[in-house]
Each structure stands twice: as C-alpha cells, then as structure tokens.
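A.B. asks: Now for the letters of each chain:
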Amino acid sequence: MDFWNNLTLGFGVALTPFHLLLAFIGVFLGTVIGVLPGIGPMTGVALLIPLTFGMNPTSAIILLAGIYYGAMYGGSTTSILVNAPGESSSVVTCLDGYEMAKKGRAGPALASAAIGSFVAGTFATLMLMLFGPWVAKIALSFGPPEFFSLMVAALTLVTSLAGRSLVKALLSTLFGLAIATVGIDLQSGVPRYTFGNPELMDGFEFVVVAIGLFALSEVFINLAHMSQAAMERLSIRGSLWLTKEDWKRFTPACIRGTLSGFFVGGIAGAGAAVASFVSYGMEKKVSKHRDELGKGAIEGVAGPESANNSAAGGALIHLLCLGIPGSGTTAILLGALIMLGLQPGPLLFQQQPEFVWGLIASMYIGNVMLLVLNLPLVGMWVKLLDIPLYLLMLFIVLFSFLGVYTMNNSVQDLYLMVGFGVIGYLMKRVDIPAAPIILGMVLGKLMEEKMRQALVISDGNMMIFLNRPISLALLILAVVAITNPYWKPMGRAIRRLLGGNASRA
Amino acid sequence: MNANREDRVASIVAAAFSLAYLVTAFFIPVPPLKQQLGPAAFPKAIGLVMLILSGLYVYRQFRGGVKEDEERAAIIGAEEKIESKADLKTMGFMLAVMVVYAFVFERLGYAISTFLAFMAGVFYLSRRHLVRDTLIAVIVSFVLYYVFMTVLRVNLPAGLLKLLGL
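So the sequences go chain by chain: A and B.
Numbering (our numbering) for the first sequence: 325 to 829.
Numbering (our numbering) for the second sequence: 263 to 428.
For the record, the hints were derived by calculation from the structure and aren't laboratory data.
Virtual Cβ for every residue (Gly too), placed ideally from N, Cα, C.
Errors might be hidden in some of the hints.
[Said to hold, decoys possible] Interface residues of chain A toward chain B, partial, derived using beta-carbon atoms under 7 angstroms: (1) L547; (2) H549; (3) K572; (4) T730; (5) S734; (6) I747; (7) L779.
[Unchecked claim] Within a straight-line C-alpha distance of at most 27 angstroms, the following computed DSSO-like cross-link-like pairs (lysine-lysine) qualify: (8) K351(B) <-> K752(A); (9) K427(A) <-> K568(A); (10) K612(A) <-> K426(A); (11) K619(A) <-> K769(A); (12) K351(B) <-> K769(A).
[What the hints assert, rightly or not] Short, incomplete list of chain B residues facing chain A, as computed with Cβ under 7 angstroms: (13) N266; (14) E268; (15) A276; (16) V285; (17) P291; (18) P305; (19) L310; (20) V311; (21) M356; (22) L392; (23) V400; (24) F404; (25) V405.
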C-alpha cells in the first residue's frame, strides 16, 4: 500500500543518525524554551532559525518542529511547580497543576501532563498522516481565487482570536501586510517603500522582524518589569506515577482534551493557547469531578495539556497541506521554510514526500523522546529556573545579534532588529498583539500574488472571488469570524427595536 | 490615566503611520506595461483599511468608551497585560547597549563587542557574581568566536583582533 511505503520512506529519513540527533536537539531545546518563563515557543523558534541556515529543508524542519512541539511539553513543568506558566498555552495548567503540587501531588500532575502530551501529540501526528494527503488533494483543486480567499479567512480567523481588542488585532495584521509590501514588486519590478535604500530592495528580512518582535521585545519587557518577588518552588514529593484512581480520572479527560484540541487546532486552525482554554472550559462542564476543578483536580491538568499538544500537531496540517499558518508560531515556521526555499502547500505531498513523511516520522520519534526527557528528568529541568533572569536576557540579546548578523553579514539588519524590538515592546504596553504581524508578513506577498493571478483569470472582474462557491464560503467564514463579537449587542439592539415597536402597536 | 494616555498616543501614531503609508502608495511608479492590478493597488488597499481602522482606534480613545471584552479574553486566553509602571531607566539602558553593540559589532569585531556588551549588561543589572559572569562573558565572546571561525567555519567580523594579528 502507498501508505506503508510512505511511512517506510519517512522512517528511513528520520532514523538516520543526523536526523535523530536533530530531533533530539530540537525537543531538548524546545523543552528548555518551554520551561523557561519569558521565552515562549515563538521567541524560541525565531531565535533558533539561524541554526538551520545551510541545512536542507527536511533537516531544518525536523529541528524546528521539535522545538515547536517540545515547548508544548516543557511549558507545563513550571506551571505545576512554580505557578509560572512557561508559555501562554500552559496558563490554565497553573490553576489545577499548582494546587495539586501544593497538596504534595506534584508527581502525578507532572506525569499526567507528560503522558497527556504524549498521547495527544501522537494522535495529532497520526491524524496528520491520515488526513494530510487527503486535505492536500482537495487543496490541489484550488485556483488563485480560492487561495486568496483562504488566506483572507486564515488571517481574519487568527486575528479575531488575538488579544482583547479586535481593532488593535486587525491593525496589527495590516501592519504585517504593509511590511510585506516593502521591496521590489516581483511582477512589475518596481521598488516599493525602499526609499532608495539598496538593502531594502529585497524587503524586510523575515528573521529580523521575528527576532526583533519576539526576542528583543521580551528582553525589554522582562527587564523593565522585573518582578522582585522570588518565585516559590514546590518540590516533588512522593511517587511520580499515577494511582489507579488517577488513571480512571485521567483517561477520559485526556481523550476529551485530545479530541477538542485537535478540533480547535487542526480543523478550526486556532492556536494551542485557545485549545487549552477550550478544554478547561469543557472539563468544567462535563467532568464528573467538576466541583474539584481549580482545587487540584487531575482533569484540569490532563485536559488542557493534551489539548495544547493536539492543537499544535493539528496546526501542522494547515501549514503543510495548505501552506497557511493558523497561529503565530506556525507562521514563524512557515517563514523559516520559505527562507530555506520551500513553499509548503498542496503540492508538497507529491513533490517532496521525503520532507513530509520524514517530518511525520520524526514527530513520532520526538514524542517518545519527550516522554523520556520529561518524566524521569523533570528535576533537571526545574534547575533551569536557577539561571538568573538578567543572564538569560543577556543571552537572548547575544543570540539575536549573532543569528541576525550571520544571515546577511549586515549591520543594518541589526539596527532594524533593535527597532522592531522597541516596536514590539511599545505594542505590548498598549496591548496590541504582535503575532498577527508575523502572519500578515508571511502571507502578504503570496496573497497579493494570488489576487493578481485571480484578476488576470477574470480579466479584472472582482466578482471572481464571489462567483466561486469555495471562495465565497471562505470569505463568508472570514466575515463571520470578524463580526461575531458584535452579534450579541446587535441582536440585543434589534430585539429592543422590535420590542419597542410591539409595545407601541 | 497613564495607560489611557499611552493608548491615545499609540492611536495617533498608528493613524499617522497609516496616512504616510497610504500617501506613499500613490507615489509608487506605475510601469508603462498595462497590468491587472499594478504594483500600487495592493498597498493602497492596505493603507486605506489601515487608515479607517486607526481612525476608529483614535475615535475610541478620545470619544467613545473603551470597551474591552474581558470575558472573551478569558475564553481565548489572551495574554495578560503588563502593568504600566515600567523601569524606564533599565529599558533605556538596554536599548542604548543594543544600539552601541550594533554600532561597534563590525568595527571592534564580534568577540570584543560582545564581551563589552555582555559586561555592560552585567554591571548594570547585577554585580553580585562578577567573577562567574566575567567568565561567562569570555566564553560567549572569545571562545565562541574561535569555535565559529575554526569548527563551524562561519565568518564573524574580526575587527580589532585582526589588527592585533590574532
């Protein structure tokens, strides 16, 4: 069968010593990034992209994906032991995880987070394997108008889920699109927004923007808002293993988390943080022990931790089969792949099978590595928290400079990176989310290209986006995503209006 | 309130940027060859939408009430806001270090500039473990430089080290 051939091919790629080593380095660094508070997966992946220069895309993605899903594992450790989430998708894990640790049940909490992550990660990889080729086949029938609408839908969906204010999130997305227009327009050869600067002819370098926005701004935030309070660390007492009763409660929560997380990440295309919140909300409604949630229930750890891994894996379906990222971190992965000369999309499964299947196989292997790394060695990761914050921040500055400079040997890139760092910090201060910028920047060029191609097909008629059913459906989805926060007040207003009429009549 | 003032400034900056971006879009030269949707159309559209949105942002800050949906924020897991009281001195110092670091990166070379930038940070942020931190600074600057040059064969700027013949 084709399927088994592909899988054999994949493991053939992933089991070479070099790729095993890369997968290990990836999940190792990912765990470190997940454990360290203040460095999220976005910062981590952006910082480590320069490591992949000169690698072929398959090796690079094995490393970067390892960092990406590894960070999902590591984030839970600090949530449980220190009550400080290592990244945003582990925020909910604090609620019950830390309570469990306070009761002396840190071991089972850590174990259920790791096992839940493993189950969910493996499940998501399995789904990617089963459904990926199928989604890619559907996407192959997409023409430029469909792709344009798909990108519009992806941008609006992600934007509508970012931050508190829709206006701010949309502004951020558009700012990203604006950044993408800088440089020579490939179709007409006209320079745009370069202001005569030769280094801007190729546009802003993706890594410069990403590292500035996520790594350097993190340095400013951490140092300017350094909290003096020492973190209280709970120790791991007793057994790491789950009791029979724990297993009984763990299993259904893990299954629910895995499925809902996959739905949120793999089908709806939202990120891992959203998935963990959705899962916690679900546990609150359906769990048998819902009254214990918030007071140290194992469901509150197992559900969200499964969900965020499942969502992270599911998001790769969008990335690989459609070439459309569903979250900030996958947008950074996409940017990295494009830099390495690979354009993810429906053709990937046909043209680069060793890339896709190699990645899938390495994800199975990586998940096993993570389970081993995270359970018995959890004490080692906690020690990472002993690194003083200022040293950590200085390391980030150093690696940012090193990475960005070695890319083009350009000092101007360094200044630009610092500039974006300041922008990122200021945006954070006024609560404008930065992730949509990356998304807009990565999709901008492609979006414009597809739009122009579509208009060539239709000879300039904009209706082409509405005449085609798939394209129309995607655009409607985009409109729904943007307007849905306003439905409630609008409905209320209409009802009031109607009610007013009725009383008068 | 302070936070509100910051938001107001940000909204005006966003509006000014959008306007500048839009105006510049009209100066993008259009090639003589007739094309479907030339190079300027997409930037113009972005600029226009951005201007409308930032106009809305300004309006909300100065006129309408600022409504933030905390309930929705909790569901989607929006990141926590940072408290607005910032240590601007530290922030300014780190920014200065970065700018100077970029300025001397090629002039002094990777090893020397990195050592100096790292030590500047250490001196400002915490002087409790000077010996240990100095050792770390030497490792990440000089040792890393030689590793890059000899093992990884990645060229980093030598700067002053070249003059010394090292």
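A.B. asks: Check each numbered hint from earlier against the structure, then list the numbers of those it violates in ascending order.
C.D. replies: Those not satisfied are hints 3, 5, 6, 11, 12, 13, 16, 19, 22, 23, 24, 25.
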